[in-house]
Amino acid sequence: MHLQINFSYNDYFRVPSIQIGIDDIVLFDGPVCLHVEFEPKLVKGTHIFWIAHHSKQPHETTNEHDTHVFIKNILFDGVDIDQLEYQKLSHRGKFYPEYNTDYVKDCIMNNIELPEYFSPNHYLGHNGIWKLDFEAPSLNWIIKEQNPSGINLEDTMFSTGKNTIQEIKDLFDL
Amino acid sequence: MIDVLILSMPRIAPVRPQAALGILKAICNKANKSSKTFDINADFFLNFAGDHRVDAKAVDDHFISNSVVLTSDENEKYHSWLHQWVDKILAANSSILVVSVFSWQSQVSVRDLLTKLRPKYNGTIVVGGQGLTNSQNLSAHWADRAEYAEELYQKKLIDFWIKGEAEETFYEFLIGNREFNGLNSHSVIMLGDANNIPLSDFSDLDLGSYRSGYEADGGVLPIESCRGCVRSCVFCEMSSEHGGLRRRDGNALANELIHYYETYGVKHYYFHDDLMNANIPDFKNFINAILTYYEKNNLPDKFFSLSGYWIIRNPRQFRAKDFELFAKAGGNLLVTGIETGSDRLRKTLRKGFTNKDLDFNLEQMHKNKIKFYFMLIAGLPGETTDDFQETVDSLSHWQKYVATGTIIGVNLGTTATLEPGTEIYNNAKNFNIVPLKGHEHPHGIYWMCTTTPDLNYKERVRRRVALQEHVLELGYPIWKGDDHLKIIIDKYKQNIEVWNASTN
Chain A
1 MHLQINFSYN
11 DYFRVPSIQI
21 GIDDIVLFDG
31 PVCLHVEFEP
41 KLVKGTHIFW
51 IAHHSKQPHE
61 TTNEHDTHVF
71 IKNILFDGVD
81 IDQLEYQKLS
91 HRGKFYPEYN
101 TDYVKDCIMN
111 NIELPEYFSP
121 NHYLGHNGIW
131 KLDFEAPSLN
141 WIIKEQNPSG
151 INLEDTMFST
161 GKNTIQEIKD
171 LFDL
Chain B
1 MIDVLILSMP
11 RIAPVRPQAA
21 LGILKAICNK
31 ANKSSKTFDI
41 NADFFLNFAG
51 DHRVDAKAVD
61 DHFISNSVVL
71 TSDENEKYHS
81 WLHQWVDKIL
91 AANSSILVVS
101 VFSWQSQVSV
111 RDLLTKLRPK
121 YNGTIVVGGQ
131 GLTNSQNLSA
141 HWADRAEYAE
151 ELYQKKLIDF
161 WIKGEAEETF
171 YEFLIGNREF
181 NGLNSHSVIM
191 LGDANNIPLS
201 DFSDLDLGSY
211 RSGYEADGGV
221 LPIESCRGCV
231 RSCVFCEMSS
241 EHGGLRRRDG
251 NALANELIHY
261 YETYGVKHYY
271 FHDDLMNANI
281 PDFKNFINAI
291 LTYYEKNNLP
301 DKFFSLSGYW
311 IIRNPRQFRA
321 KDFELFAKAG
331 GNLLVTGIET
341 GSDRLRKTLR
351 KGFTNKDLDF
361 NLEQMHKNKI
371 KFYFMLIAGL
381 PGETTDDFQE
391 TVDSLSHWQK
401 YVATGTIIGV
411 NLGTTATLEP
421 GTEIYNNAKN
431 FNIVPLKGHE
441 HPHGIYWMCT
451 TTPDLNYKER
461 VRRRVALQEH
471 VLELGYPIWK
481 GDDHLKIIID
491 KYKQNIEVWN
501 ASTN
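Residue numbers (the working numbering), protein chains in the order written: chain A, 1 to 174; chain B, 1 to 504.
Think of the hints as simulated: they come from the structure by calculation, not from any bench.
Any given hint could be a false lead.
[Unchecked claim] The calculated PhoX-like cross-link candidates involving lysine-lysine, where the alpha carbons are at most 20 Å apart (straight line), are:
no. : chain 1 : residue 1 : chain 2 : residue 2
1   : A       : 169       : A       : 44
2   : B       : 296       : B       : 347
3   : A       : 162       : B       : 57
4   : B       : 491       : A       : 144
5   : B       : 36        : B       : 77
6   : B       : 116       : A       : 169
7   : B       : 321       : B       : 347
8   : B       : 369       : B       : 302
9   : B       : 369       : A       : 44
10  : B       : 369       : A       : 169
11  : A       : 41        : B       : 400
12  : B       : 155       : B       : 120
13  : B       : 486       : A       : 162
14  : A       : 169       : B       : 88
15  : A       : 88        : B       : 116
16  : B       : 369       : B       : 347
17  : B       : 347       : B       : 458
18  : B       : 369       : B       : 429
19  : A       : 88        : B       : 400
20  : A       : 169       : B       : 458
21  : A       : 144       : A       : 169
22  : B       : 155       : B       : 116
[As the list claims (entries may be wrong)] Some chain B residues near chain A, calculated using beta-carbon distances under 10 Å:
no. : residue
23  : 108
24  : 112
25  : 186
26  : 189
27  : 193
28  : 405
29  : 409
30  : 464
31  : 480
All residues carry an ideal CB built from backbone N, CA and C; glycine is no exception.
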């Protein structure tokens, strides 16, 4: 699989630190870059793609500046998974923040309930991990989930099923 | 009472009116004959199939397969539908009935209708069209014989057939001439100047009723940029038999399209000719004329949509900038015979492009949001296992464009056949092709290639099935896959000796 990710970020205090991985494999660990790409070897089936924002300190949020990472876009095998306005696959990703303890206290005092995760969300302001479930091969997953051609041939004179394939295989002993 | 009633019969995808309907009516106008058009094909797929879905599916199979026997219920519904049309045709009270036989797939419905109609209709019945021959892959215009028309004539179901490109001969017929080549004869009639194709008259048809995907936008109309083909693919009779390339002036073509828009309000066009980009200077003139019309009339880019058959050009012939302009003019869906993923084999077929050219075209289509539909042929003469593997690998390589929505369909056909009129048929020995036992000349599926002795009919079918399984696995939208497999099954059952012979 060819994985490409484009980020933007606020580096007023420092360049944010991230890890990128799939399942238990860490693909990247260090200061965020505008663009990264990887060639992970994946077995067929379901996987979790994740981006963790870490090491942010409480003083790195002010009224003017906030250390954060923004996921601009993600390409699986060269295809932007958000290519369709009405079917952005990155919007299925969930960001699980690790809330700062002082921030949690403030919220409790102000009766603000903190969610377990944000979705859709591309703004990694808190420390925490953004996770997206997907399947390999990734192009099959995109095709299955988005049907980018918009073609639905079932029940039309153009349809193709599995019964006729079986019939011809039986007939020709294939 | 009208002079001429024009019919279109199943089986054609009901996505737009058949070009012949509009052209024939325009020729009637020119000959000062009153006319009416019935698109019975559209009624079958849009109305009958809507009311009787399961029965219509069986009848549809009956149109293309000799082995399909309709149940009494299916038969009753089908014949009741035909009877309704016989009544409507008689009520139209025409002197001449013209039936367009679009392809071999229309032959069953035409025969069934005329069998009911002939005893009751006192006028003159004429048939024409590419389906007048009994070949599945060869246009009757260029075939040696119009066997199907002969059959109808001998059964006294018709009075005349007109063979060939009939823009000029149909006019002669309408003005009373009964002595011209192509009338009840097997002559090959060619329209000399494609610029003489008249502006079609579609005024009888409800253009928004077709299942075009653009129903709410007024539907789709057919248009053609040329006659004949610019290429010389060895397996295709179009280059050798279709009268050579006859170009249409690009500016005149743009004016024709604009005329249809201004007359019918239609914005979507499908080029049904062999190749819409056959003559590059004309095609570029056409694009520029459309863009000029947009500018003069303050219309946005892509106001029209333009789709049709496309030959892959290399980046020097049709550049990235040309794709950009074409997309602005309305380039929408392009249809190409890729045939194989093997450059070696494609070169022997004389397709005139490489996988590198194809990659450039695909990338430009992707960048400019133009859609692509392509055809492949399994088991081409001389296809080695390596060639076949390259096709399989290419399909994997092109999957990216399925995922971007650029590729909207693949058509795998019915395995390679050898058709009269093609170079590979005419010069079979040069291609190391021999007939199967019991056949004098290699033709249809009755052939073997001596350089690829393992590629017998069973292996060709195996590769065809393997391609279908592969594209299904990759998520390609595959069109007519079942249709084509049913045709293979039907052909096999009719010609069981093919398999026996090819395994000897």
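Consistency of the hints with the structure:
no., hint, in the structure
1, A:169 x A:44, "violated (26 Å)"
2, B:296 x B:347, "violated (44 Å)"
3, A:162 x B:57, "holds (17 Å)"
4, B:491 x A:144, "violated (34 Å)"
5, B:36 x B:77, "violated (26 Å)"
6, B:116 x A:169, "violated (39 Å)"
7, B:321 x B:347, "violated (27 Å)"
8, B:369 x B:302, "holds (11 Å)"
9, B:369 x A:44, "violated (30 Å)"
10, B:369 x A:169, "violated (38 Å)"
11, A:41 x B:400, "holds (18 Å)"
12, B:155 x B:120, "holds (15 Å)"
13, B:486 x A:162, "holds (12 Å)"
14, A:169 x B:88, "violated (45 Å)"
15, A:88 x B:116, "violated (56 Å)"
16, B:369 x B:347, "violated (29 Å)"
17, B:347 x B:458, "violated (25 Å)"
18, B:369 x B:429, "violated (44 Å)"
19, A:88 x B:400, "holds (17 Å)"
20, A:169 x B:458, "holds (10 Å)"
21, A:144 x A:169, "violated (26 Å)"
22, B:155 x B:116, "holds (12 Å)"
23, 108, "violated (15 Å)"
24, 112, "violated (18 Å)"
25, 186, "violated (32 Å)"
26, 189, "violated (32 Å)"
27, 193, "violated (36 Å)"
28, 405, "holds (3 Å)"
29, 409, "holds (7 Å)"
30, 464, "holds (9 Å)"
31, 480, "holds (5 Å)"
Figure legend: structure checked against the earlier numbered hints; hints not met, in rising order: 1, 2, 4, 5, 6, 7, 9, 10, 14, 15, 16, 17, 18, 21, 23, 24, 25, 26, 27.
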